[in-house]
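Visitor: These protein sequence lines are chains F and Z, in that order.
Going by full-length UniProt numbering, the first sequence opens with residue 1, and the numbers climb by one from there.
Going by full-length UniProt numbering, the second sequence opens with residue 1, and the numbers climb by one from there.
Incorrect hints may appear among the rest.
[Said to hold, decoys possible] Straight line, CA to CA, 30 Å or less: simulated DSS-like cross-link-like pairs of lysine-lysine:
hint, chain 1, residue 1, chain 2, residue 2
1, F, K217, Z, K23
2, Z, K258, Z, K103
3, F, K75, Z, K397
4, Z, K91, Z, K258
5, Z, K342, Z, K258
6, Z, K78, Z, K91
What the hints contain is simulated information worked out from the structure, not anything from laboratory work.
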Amino acid sequence: MSATDVCRAPALSPEGATVERHWHDLAARRRLYTIGGLVFLFLALSGSLWFANETNAGKFFDRLPYVADFFAELKPRDWIDPVRALFDLPSPYDDGSLKFDYPEGRVYLTQGIYIPEYFHRMVETLNIALFSTLVGATFGFLLCFFAAGNITASRWLRFFTRRFLEIVRAFPEIVIAGFFLAIFSLGPIPAIIAVSIHTVGALGKMFFEVVENADMKPEEGLRAVGANWVERVWFGIVPQVLPNFMSYFLLRFEINVRASTILGAVGAGGIGESLRLSIGRSHEAKTIAIVFLLFCTIVAVDQFSAWLRHRLVGRQAFAYGRGE
Amino acid sequence: MNPDAVNDIAARHPDAFRRSLWKRYATPIGILLCILYTFYCSWFFSVASVLEKANWNLAGAYLADWVSYEIRPDIEFKDNHLTIDYSRFSKLGSNPNPDWVAKQMAVIERQVEAAPAPAIATNKSSQDSFMAPGAPTAENPAVPLGQSPPAVPETVRENAVMAATVTLGNGQIAVTPNLVTVTRGAESVFFDIAKGSSVTPRTPLPDWIEQRRPGSTAYVSFGFLGRAEVQNDEVVAWRRFFGWANFVFDTNSPFWGKPFSEVASLIVSGARIDPSRSNAALAWDNILNNAEWQHGDVWLKLLQTIVMAFVGTVLASIVAFPLAFLAARNVTPSRLANQVTKRFFDFLRSVDMLIWALFFTRGFGPGPLAGMSAIFFTDTGTLGKLYSEALENIDDKQREGIRSVGATPAMVQRYGVLPQVLPVFLSQSLYFWESNTRSATIIGAVGAGGIGLKLWEAMRTNTNWANVFYMVLLILLVVFVFDNISSYFRRKLMGSAGNDERRVSARPPAAQIA
Chain F
1 MSATDVCRAP
11 ALSPEGATVE
21 RHWHDLAARR
31 RLYTIGGLVF
41 LFLALSGSLW
51 FANETNAGKF
61 FDRLPYVADF
71 FAELKPRDWI
81 DPVRALFDLP
91 SPYDDGSLKF
101 DYPEGRVYLT
111 QGIYIPEYFH
121 RMVETLNIAL
131 FSTLVGATFG
141 FLLCFFAAGN
151 ITASRWLRFF
161 TRRFLEIVRA
171 FPEIVIAGFF
181 LAIFSLGPIP
191 AIIAVSIHTV
201 GALGKMFFEV
211 VENADMKPEE
221 GLRAVGANWV
231 ERVWFGIVPQ
241 VLPNFMSYFL
251 LRFEINVRAS
261 TILGAVGAGG
271 IGESLRLSIG
281 RSHEAKTIAI
291 VFLLFCTIVA
301 VDQFSAWLRH
311 RLVGRQAFAY
321 GRGE
Chain Z
1 MNPDAVNDIA
11 ARHPDAFRRS
21 LWKRYATPIG
31 ILLCILYTFY
41 CSWFFSVASV
51 LEKANWNLAG
61 AYLADWVSYE
71 IRPDIEFKDN
81 HLTIDYSRFS
91 KLGSNPNPDW
101 VAKQMAVIER
111 QVEAAPAPAI
121 ATNKSSQDSF
131 MAPGAPTAEN
141 PAVPLGQSPP
151 AVPETVRENA
161 VMAATVTLGN
171 GQIAVTPNLV
181 TVTRGAESVF
191 FDIAKGSSVT
201 PRTPLPDWIE
211 QRRPGSTAYV
221 SFGFLGRAEV
231 QNDEVVAWRR
241 FFGWANFVFD
251 TNSPFWGKPF
261 SEVASLIVSG
271 ARIDPSRSNA
281 ALAWDNILNN
291 AEWQHGDVWL
301 KLLQTIVMAF
311 VGTVLASIVA
321 FPLAFLAARN
331 VTPSRLANQV
341 TKRFFDFLRS
351 VDMLIWALFF
361 TRGFGPGPLA
371 GMSAIFFTDT
381 GTLGKLYSEA
391 LENIDDKQRE
401 GIRSVGATPA
411 MVQRYGVLPQ
421 VLPVFLSQSL
431 YFWESNTRSA
441 TIIGAVGAGG
451 IGLKLWEAMR
461 TNTNWANVFY
471 MVLLILLVVF
481 VFDNISSYFR
491 RKLMGSAGND
501 ERRVSARPPA
511 AQIA
């Protein structure tokens with residue numbers, strides 16, 4: 001407050017006083033906006049919380065003591081049991097029920113060597129993610145050049161490509177998966193199609209933004225020596241955007257691992273389905289095994305992708321928004 | 001340019017002209033790997049056999065269902081006449097008599113065995129399922145067939161249908177008790193019906209009619225306009241109409257089937273239909289409780305989805321905010337505190353949103369609380385990580401300046417750090433709010449509340465694709481609106497910070513761009 005006192009000194013000229021008054025007005029208005037915004041946010045938040053609580057099956061304060069119960073229920077018979085569940089080893093508690101039938105799901109490669117069920121499921125989920133990222137990236141790659149303003153001159157072509165990418169991106173994955181589940185029956189193919197279609201939109205958008213920020217000098221050079229459109233794109237643009245494309249591909253792969261897990265939980269196979277079933281049936285050792293496996297896989301995928309992106313594009317991998 | 005000059009250039013830039021084998025063949029190798037991987041995946045997922053087994057006809061019909069609906073007259077053969085029924089909850093109301101089904105009536109005499117089964121009163125739709133109105137429920141069970149009164153044979157004279165003609169665009173199905181004529185364009189096929197035993201075409205069948213065995217049911221296709229089955233005891237026709245049937249009022253509503261002007265005048269100045277409330281209130285109630293579209297419930301679930309994303313993101317931002325200061329190296333000097341907080345963020349982020357959603361659905365029961373908590377937990381991790389990264393990238397000069405005039409540590413954070421990072425924080429939170437609106441739809445399907453579950457249920461019935469499309473359009477609209485709100489605010493926020501030379505990256509990490 002001492003600063004204000006200094007400013008109020010009589011030495012202030014009339015012009016200075018005007019500036020001073022305006023500054024105070026501005027500050028007051030700003031404060032008003034901030035307080036108004038906070039009050040609005042608070043009201044919206046409490047209204048939303050009340051609404052959510054009203055429409056929930058269990059009420060928050062009624063259920064709160066039991067949330068911990070669920071975690072307590074997750075405690076397995078002994079702490080080796082999740083390991084047995086993870087590697088499909090027979091359990092000493094096996095009573096013929098689904099709960100302890102760990103060796104059931106073994107996938108035998110030869111007579112003696114098997115892949116544990118959950119590892120196989122995890123590989124399935126990873127394959128769904130990687131394959132659909134590959135398919136999505138291929139189509140995204142082909143489409144992005146038609147959406148980029150510096151490569152495609154036709155406004156209409158650009159407009160339609162961009163709208164197409166937008167619609168494909170915003171269309172809920174779950175609807176595509178559900179639609180193809182109806183046609184193909186249960187299995188991973190609907191998830192692959194759904195994730196691929198979404199990836200086309202998402203990667204297409206990132207790709208064309210990269211292309212629009214590309215350096216046009218190589219392209220100009222090629223144009224000067226009479227290269228056609230495909231040659232200009234392939235030799236002028238693609239080499240400089242490829243590292244960024246790869247980096248976005250890897251990022252997308254990370255997201256798609258999560259997306260395919262979620263789609264798995266609604267019936268499209270993979271580890272998500274196993275997780276939903278084991279949580280729903282309160283199979284504690286199996287749940288712990290799957291959560292652990294999923295956690296490790298996601299961490300590993302994230303770390304690997306971050307490392308590779310760092311190698312591909314250097315610091316840019318961690319500072320998006322550059323090249324704007 | 002002479003050869004010497006070329007050689008000279010080649011000698012000066014060996015890396016451009018004599019590239020390593022790997023560099024030269026990287027593209028073909030990459031493409032080859034991708035192709036090999038594609039083969040591996042098609043083996044792994046047995047793509048070929050799945051595609052072969054797929055029911056592609058169904059795909060066309062389901063897609064058509066998104067924007068159209070079918071009406072199904074059932075023409076049953078009796079001894080010397082026909083009866084025409086419509087499915088019990090036909091979109092044409094309780095007493096359909098469409099003009100595309102022409103009937104020829106005559107008075108006949110026949111023996112009847114029993115009184116007709118009592119009609120089942122239709123009740124108001126149930127709120128949370130796609131069950132048709134009046135479907136058998138606990139309160140209103142369907143009347144079992146065996147309960148009709150004992151049969152007393154008697155002779156009645158009545159006006160009965162002798163012949164019926166169903167028109168489907170350029171196609172026609174003319175039905176008499178023992179002869180069915182199917183016409184599509186210029187082609188006609190006659191079927192002799194031996195009631196209860198066989199269906200026999202008089203001429204070889206064209207490719208739009210399929211009969212799997214001689215004498216069995218014939219399947220007639222009229223393309224998008226509809227299809228029909230000629231069976232040995234009835235003819236079933238499906239005529240397809242473009243559009244969404246009964247979108248505003250269902251067939252139980254007094255406003256059903258009335259043109260817009262009439263509905264408007266009823267609402268504005270008509271006499272009360274229901275004496276206890278105004279026509280406007282009645283119309284609104286009828287719209288909300290539309291049995292086929294369930295607008296009220298769909299909107300409620302959509303609001304839940306929006307609320308889940310909003311509350312989850314706001315709470316996550318509030319919790320992540322102080323923790324981020326703890327996690328930032330340059331703000332909290334303790335290595336231990338940094339590492340613990342950061343690993344905590346990683347943990348929250350890496351336990352997938354799905355796992356959190358399944359956990360909390362068990363804990364709180366199905367509903368938005370579960371979805372909200374799942375979003376809150378995941379995003380506390382993600383936002384915390386992003387916030388702490390933004391904090392670690394700040395400009396130190398401002399902090400030093402504030403510190404040099406003797407400010408307390410809290411004041412240093414408030415005036416030296418916060419002004420730099422607040423726009424970034426807000427912009428990232430806004431971005432996540434928008435992206436969570438999308439993810440909230442998906443986790444809803446595992447029971448975490450919102451429109452996801454409703455969407456999923458509608459899809460699993462395989463008969464409500466128009467409802468699915470309706471919900472998809474609503475979701476797209478919401479995503480579009482929030483997209484624009486969020487990017488408007490983000491532009492405003494970043495616009496003011498855009499002048500800083502050393503500005504912290506404001507764009508959300510692409511990792512989260514969904």
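Visitor: When the hints from earlier in the document are held up against this structure, which numbers fail?
Guide: Hints 3 and 5 contradicted; others consistent.
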